[in-house]
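Participant: For chain W, the structure is supplied; the task is to place chains A, R and Z on it using the hints.
4 protein chains.
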Amino acid sequence: MALYGARKGYNAGLSIGEVNLSRGFHVMAGPCSVESEEQVHRTAEHLAGRGVRILRGGAFKPRTSPYSFQGLGEPGLKLLSDAAARMGMLTVSEVMDVETLPLVAGYIDILQVGARNMQNYSLLKALAKQSKPVLLKRGMAATIEEFLLAAEYVLQGNERVILCERGVRSFDPLTRNMLDLSGVALLREMSHLPVIVDLSHSTGRTDIIAPLARACVALGAEGMMVEVHPEPAAALCDGVQALSFDDASRLLADITPWVALRAKLQADRFPLSLPKRNATAG
Amino acid sequence: MALYGARKGYNAGLSIGEVNLSRGFHVMAGPCSVESEEQVHRTAEHLAGRGVRILRGGAFKPRTSPYSFQGLGEPGLKLLSDAAARMGMLTVSEVMDVETLPLVAGYIDILQVGARNMQNYSLLKALAKQSKPVLLKRGMAATIEEFLLAAEYVLQGNERVILCERGVRSFDPLTRNMLDLSGVALLREMSHLPVIVDLSHSTGRTDIIAPLARACVALGAEGMMVEVHPEPAAALCDGVQALSFDDASRLLADITPWVALRAKLQADRFPLSLPKRNATAG
Amino acid sequence: MALYGARKGYNAGLSIGEVNLSRGFHVMAGPCSVESEEQVHRTAEHLAGRGVRILRGGAFKPRTSPYSFQGLGEPGLKLLSDAAARMGMLTVSEVMDVETLPLVAGYIDILQVGARNMQNYSLLKALAKQSKPVLLKRGMAATIEEFLLAAEYVLQGNERVILCERGVRSFDPLTRNMLDLSGVALLREMSHLPVIVDLSHSTGRTDIIAPLARACVALGAEGMMVEVHPEPAAALCDGVQALSFDDASRLLADITPWVALRAKLQADRFPLSLPKRNATAG
Amino acid sequence: MALYGARKGYNAGLSIGEVNLSRGFHVMAGPCSVESEEQVHRTAEHLAGRGVRILRGGAFKPRTSPYSFQGLGEPGLKLLSDAAARMGMLTVSEVMDVETLPLVAGYIDILQVGARNMQNYSLLKALAKQSKPVLLKRGMAATIEEFLLAAEYVLQGNERVILCERGVRSFDPLTRNMLDLSGVALLREMSHLPVIVDLSHSTGRTDIIAPLARACVALGAEGMMVEVHPEPAAALCDGVQALSFDDASRLLADITPWVALRAKLQADRFPLSLPKRNATAG
Numbered sequence: 664m665a666l667y668g669a670r671k672g673y674n675a676g677l678s679i680g681e682v683n684l685s686r687g688f689h690v691m692a693g694p695c696s697v698e699s700e701e702q703v704h705r706t707a708e709h710l711a712g713r714g715v716r717i718l719r720g721g722a723f724k725p726r727t728s729p730y731s732f733q734g735l736g737e738p739g740l741k742l743l744s745d746a747a748a749r750m751g752m753l754t755v756s757e758v759m760d761v762e763t764l765p766l767v768a769g770y771i772d773i774l775q776v777g778a779r780n781m782q783n784y785s786l787l788k789a790l791a792k793q794s795k796p797v798l799l800k801r802g803m804a805a806t807i808e809e810f811l812l813a814a815e816y817v818l819q820g821n822e823r824v825i826l827c828e829r830g831v832r833s834f835d836p837l838t839r840n841m842l843d844l845s846g847v848a849l850l851r852e853m854s855h856l857p858v859i860v861d862l863s864h865s866t867g868r869t870d871i872i873a874p875l876a877r878a879c880v881a882l883g884a885e886g887m888m889v890e891v892h893p894e895p896a897a898a899l900c901d902g903v904q905a906l907s908f909d910d911a912s913r914l915l916a917d918i919t920p921w922v923a924l925r926a927k928l929q930a931d932r933f934p935l936s937l938p939k940r941n942a943t944a945g
Numbered sequence: 664m665a666l667y668g669a670r671k672g673y674n675a676g677l678s679i680g681e682v683n684l685s686r687g688f689h690v691m692a693g694p695c696s697v698e699s700e701e702q703v704h705r706t707a708e709h710l711a712g713r714g715v716r717i718l719r720g721g722a723f724k725p726r727t728s729p730y731s732f733q734g735l736g737e738p739g740l741k742l743l744s745d746a747a748a749r750m751g752m753l754t755v756s757e758v759m760d761v762e763t764l765p766l767v768a769g770y771i772d773i774l775q776v777g778a779r780n781m782q783n784y785s786l787l788k789a790l791a792k793q794s795k796p797v798l799l800k801r802g803m804a805a806t807i808e809e810f811l812l813a814a815e816y817v818l819q820g821n822e823r824v825i826l827c828e829r830g831v832r833s834f835d836p837l838t839r840n841m842l843d844l845s846g847v848a849l850l851r852e853m854s855h856l857p858v859i860v861d862l863s864h865s866t867g868r869t870d871i872i873a874p875l876a877r878a879c880v881a882l883g884a885e886g887m888m889v890e891v892h893p894e895p896a897a898a899l900c901d902g903v904q905a906l907s908f909d910d911a912s913r914l915l916a917d918i919t920p921w922v923a924l925r926a927k928l929q930a931d932r933f934p935l936s937l938p939k940r941n942a943t944a945g
Numbered sequence: 664m665a666l667y668g669a670r671k672g673y674n675a676g677l678s679i680g681e682v683n684l685s686r687g688f689h690v691m692a693g694p695c696s697v698e699s700e701e702q703v704h705r706t707a708e709h710l711a712g713r714g715v716r717i718l719r720g721g722a723f724k725p726r727t728s729p730y731s732f733q734g735l736g737e738p739g740l741k742l743l744s745d746a747a748a749r750m751g752m753l754t755v756s757e758v759m760d761v762e763t764l765p766l767v768a769g770y771i772d773i774l775q776v777g778a779r780n781m782q783n784y785s786l787l788k789a790l791a792k793q794s795k796p797v798l799l800k801r802g803m804a805a806t807i808e809e810f811l812l813a814a815e816y817v818l819q820g821n822e823r824v825i826l827c828e829r830g831v832r833s834f835d836p837l838t839r840n841m842l843d844l845s846g847v848a849l850l851r852e853m854s855h856l857p858v859i860v861d862l863s864h865s866t867g868r869t870d871i872i873a874p875l876a877r878a879c880v881a882l883g884a885e886g887m888m889v890e891v892h893p894e895p896a897a898a899l900c901d902g903v904q905a906l907s908f909d910d911a912s913r914l915l916a917d918i919t920p921w922v923a924l925r926a927k928l929q930a931d932r933f934p935l936s937l938p939k940r941n942a943t944a945g
Numbered sequence: 664m665a666l667y668g669a670r671k672g673y674n675a676g677l678s679i680g681e682v683n684l685s686r687g688f689h690v691m692a693g694p695c696s697v698e699s700e701e702q703v704h705r706t707a708e709h710l711a712g713r714g715v716r717i718l719r720g721g722a723f724k725p726r727t728s729p730y731s732f733q734g735l736g737e738p739g740l741k742l743l744s745d746a747a748a749r750m751g752m753l754t755v756s757e758v759m760d761v762e763t764l765p766l767v768a769g770y771i772d773i774l775q776v777g778a779r780n781m782q783n784y785s786l787l788k789a790l791a792k793q794s795k796p797v798l799l800k801r802g803m804a805a806t807i808e809e810f811l812l813a814a815e816y817v818l819q820g821n822e823r824v825i826l827c828e829r830g831v832r833s834f835d836p837l838t839r840n841m842l843d844l845s846g847v848a849l850l851r852e853m854s855h856l857p858v859i860v861d862l863s864h865s866t867g868r869t870d871i872i873a874p875l876a877r878a879c880v881a882l883g884a885e886g887m888m889v890e891v892h893p894e895p896a897a898a899l900c901d902g903v904q905a906l907s908f909d910d911a912s913r914l915l916a917d918i919t920p921w922v923a924l925r926a927k928l929q930a931d932r933f934p935l936s937l938p939k940r941n942a943t944a945g
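Protein chains in written order, with my numbering: chain W, 664 to 945; chain A, 664 to 945; chain R, 664 to 945; chain Z, 664 to 945.
Don't read these hints as lab results, they were simulated from the structure. Hints are supplied without guarantee of correctness; some may be wrong.
Copies of the same chain are indistinguishable here, so a pair counts whether it falls within one copy or spans any two.
[Said to hold, decoys possible] Derived EDC-like pairs: lysine to aspartate or glutamate, alpha-carbon spacing no greater than 20 Å straight-line:
no., residue 1, residue 2
1, K939, D772
2, K939, D909
3, K788, E762
4, K792, E737
None of these values were measured; they are calculated from a predicted model.
Chain W on its own, in the form it takes in the complex:
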């Protein structure tokens, strides 16, 4: 476990443009899939107006079934990139393979590796050889150690890695996955990489996002990712977990005093780290 320890400090100041991901609480928001110019422009405008600086949206979609909507491809990247540029936002979008990596990297600021590809080592090695920052999602049933070792593949050549917890497989059908916030706390103890929490894919529902978002702020996560769609009921992908514009506005207002408290404490003594006890007692 000395591996990631040795890397500590590397990313203490992971900055992308004017955004320093290692400080403060960052919101990455936008639709699951880029569907149309109007959809993505309206979303970008709404979010930018409420302080969101990173726009998410899928153009290449890994789908469980070959018969599901697979994304717009390059036109989707262009729409996302244009919408973000107009609002002065950064973009994050998924790269699915080595072949399309140059294409995606030509449009997008932060390259996302999806949960299904967390151990796609060929892709990780290719991402180590380029300079765009990488947002690595935790695999569906990856341990924290496996997650950090996957990051290590990218860190071989590219220090700008962002970890993203998105829930793990569980037995409870009420949520899409089981959000592992103790895993987030462990990632922050074991590594200095920024940690983002994807609240939409983990919970798969909208009604418990607000309390979990506040938990992420208090926990010390560097940010959260949420899906926002102008008309969730009409979304081509995962509409059941997308926030409406109104939901998103209320969510962002809800976390504001918590983010402010954290900023105030952070200058001082946040976060507290208690010592780990060794396994000597019964």
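Facilitator: The following block gives chains A, R and Z in isolation, referenced to the frame of chain W:
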């Protein structure tokens, strides 16, 4: 699922003595097992001095192996009760079966049902027929619905039920169990019963308790349970997850500004609840 | 782990009446719940006619919801016992608590402890103090070691323990639980207790029971438990996983040549045990 | 779910060279990693002498840590291919990415997709566009439906797909993964693709392989995969789960009468399929 819905409101004011568990953030702390008069008195004194009002400690211990320490039994209950009385604290301790229920209820204020007994229906039915409040721990791999249905057994006759999330079985060996904070958010959406989070049994380690405690506050949980021991390395049970007195003091100081923020917001608009979207879109 | 090792040999000849559970392949079959005299008598008659010697049926039912059918109680025990006696069969039925243990033991030959009670130590200790054989079901998410340690509680005073694998919690909704046949192989390596596989509660469906029953025979399990009902669609409990009389007849015919092969090999060299390799290599 | 149903029949006669994978019980065996000419030639010779017709061995190894042995690459493919050719065996080896697919396909008969790549859709689509048969391993925590949908990606263009169960993530540390034999039974109900069981990666230990191999035969699986190494303690990869030559010989002898029984029954009425009951009863 209308069942628990129908119960909503019942416990809006679950009070035990002067402690209203439905308001504010409550800390239940103390040793895993009651071991000696000195141990439990010193612990009670330390915790009471930092504002903790509920003292925990096991006297009847359900142990995986028949060869492990099984607890002091009645003398342990008496030690716990005396120490709490001296400090003006309430007590919480586990009741393992119908036979010893009257004995435990004779000493203890809040009767805990352990994870192994969450579906011990004979015990739940007996608890429904007496008046002491019941702290029901979630089973090792119980769904949220099963957890609420187990509570329903007690609610048949006793409205004073407190739910306790304590982590569920998972594949990651870094934590003893996987803490399910989205489950806590669900419990708070689906029921009005107070929800307490056991951070010691869920994580099984001390170094990530502080961030998770802050998360519990921000999330809206009614409280947390943590194990505290004067000398963790010498504990007869689960010492590796026990906080020292110094750890406990720092933890309690760490959450203070977060509890204060919540109290300030609570008068006003806390917590935010976003609407649930129905599963109509792709 | 020396614990159960030390017990090896104890049950090498676990016999109940004329049935030696440590030899051959035993079928325990019958309805989930005893519902009526006609139901249980018809079932017993059908099964006895096809060589089944152990009749199962629930009279005290542990149900997730307090609003589900809870079983007939003592009249159910009597019906089961009478039906078995008429056919010269043994009975197995669940005992849920210490209070009703004498009642159940007064009617039933093999006392079943359900998955929810695997770590109900008060019940296990009471079962150690009486002489009826105990069929202990594996807990919903119990490790093999925890399962054996639970058995150890009964073995403190009662050597006649039968282990029953019934699947564990998993993420796949296609089966009710995930049947763990490698766990069965481990139980047979680590202990000499007979191991029975409950195919109905593990799979929760009828269409894959035949191949899994053959697997149990070949694996070396001492037997299987299946639910059989004269009219599955009308069952008061778990009808979806119950075999009809015709299904049961075909299942029993299907395993016959496999049981015969095993009997032939068993006299000779069955089962093969390969050495365990220690964790020394990369 | 009609998807795979529609495909039924396609692979009823999946043949590779003279080996018909849809009939009989096939053993795929060999080292985890190809390490040297001597290692792989000796292994091939030993196995071929006992009737094994498919030689496995890794040349491109997906490893959790970037610091672990990553395989010999092309020289490994050549060694494996030469050893198999000398013994008249087929080969199976992992292909990790689209880039090296032509290279691997140039040497190997059956292209294996590892568990980590089960949802690497770019790779699956590339495999659909070539004609070599594909052995698709189940993802670490994939449901049976997700597994079949992943196969569907390959089936879009290549009908020769073999499914391989290799255990899923679980909470029990005694085995590396939890072998899901009810999943194998489901795969055989829901699809006509041949199903192979990897006993080495699922269990991660040697001592329970024999009973599970017999279970696979009786269940109806089309074959099993096991790791065999001339000197397990010196293996560069996963030595703890590798069978020695002697172990392998004994294992193959052990399953022989079971395979013979199955062949005898298969001409006749094997396997039995009972009807599925619909979820109408309580």
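Participant: Check each numbered hint from earlier against the structure, then list the numbers of those it violates in ascending order.
Facilitator: 1, 4
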